[in-house]
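Just so you know, the working numbering puts 102 at position 102 of the sequence shown, and the rest follows in order with no gaps.
Simulated from the structure, these hints should not be mistaken for lab results. Note that the structure is predicted; figures quoted are calculated from it, not measured. In this text, a Cβ means the ideal position worked out from N, Cα and C, and glycines have one as well. Incorrect hints may appear among the rest.
To be verified - Pairwise CB distance ranges, derived in the manner of DEER restraints:
#1 D37 to D117: 24 to 32 Å
#2 F5 to E74: 20 to 28 Å
#3 G19 to E216: 33 to 41 Å
#4 H146 to P225: 38 to 46 Å
#5 D37 to P121: 21 to 29 Å
#6 G154 to L13: 40 to 48 Å
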Amino acid sequence: MGRPFIEFLQSQLLDWQSGLYGGGFGDVHSKILSLDDGSGASTVLLRFPAGFAMDAPFHLRVDQELFVLGGDLEVDDQHHRRYTYAHLPAGWAHRRLRSRDGAVVLAFYSGEPRVYDGSPPEGMLDESRAVAFVDAFDGEWGGNFHPKFPAGAGRKFLRRDPHDGEETWVLGTMPLRWGHRPEKHPVVEEMYLLSGELVGHRGKMHGGAYFWRPPEEWHGPFGSPTGNLMIFRTKGGPLSTVYTDDTVPFSWEQPYDPILPEELASLRETSFDSGCRCY
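Construct the entire structure; sequences and hints are all you get.
Shown next as structure tokens:
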């Protein structure tokens, strides 16, 4: 069936659930932002309690991407904190997973995140696809976007897959920046709004907003009254963009008109306090 088209939901409106589907990671809590019922692939918020520890060797047989939104997380010998990232391919051999003070993590899985004890099968891990640690606070911002991309934004890449070209990056924009052209992409585009506000054709997003957009869907233009920071992913290849030739008017006042799967339809009518936390 694939993942449903979601544009957009505020993650704060979802309830924390005990545990994680697949049965792993003990006493964490989770919010599933989107799920492929066929493959088990998902995007999930994970909340690790203070003192969390998995000290025996284990592995997953699916890819996992981890982006820390807050708190601390020790992944093997690497200490993660706010806005650090890892892409750990299927068969990554974990020695430990701990959180001293607790953490909230945005996680992406290529299938059901079932935890297997011990070492992975020989030959499962493709080390060329591993990104053990990136700190989004370090490194330079890049530009050189499409010539029709509105000025006033920067991008930091976290990952480019060496085989299929799929990408994960953070994008930051200036306050009072907006565009004039709708756009589309030949690949899935997924976004989680880390901070700030973003106004588009489906309403105003606040920190904690999320979308999963299928290929070839026209969207935009967008603007931000506050400036913002977002994490993006593509599925199916690297990002490329087609813009309309003609410009369209941009409005800062857009009603919330989301595309949501049936099980989330009630969120259309749920009020949201923009002053609450971003997860």
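How the hints compare with the structure:
1. Take D37 and D117: their Cβ atoms lie about 27 Å apart, and the range 24 to 32 Å holds.
2. A C-beta distance of roughly 36 Å is found between F5 and E74, which places it outside the suggested range of 20 to 28 Å.
3. Take G19 and E216: their Cβ atoms lie about 36 Å apart, and the range 33 to 41 Å holds.
4. Checked against the hint of 38 to 46 Å, the pair H146 and P225 fails, with Cβ atoms roughly 23 Å apart.
5. Between D37 and P121 the beta carbons are some 26 Å apart, a value that agrees with the proposed interval 21 to 29 Å.
6. Judged by the Cβ atoms, the range 40 to 48 Å given for G154 and L13 is violated: they are separated by roughly 30 Å.
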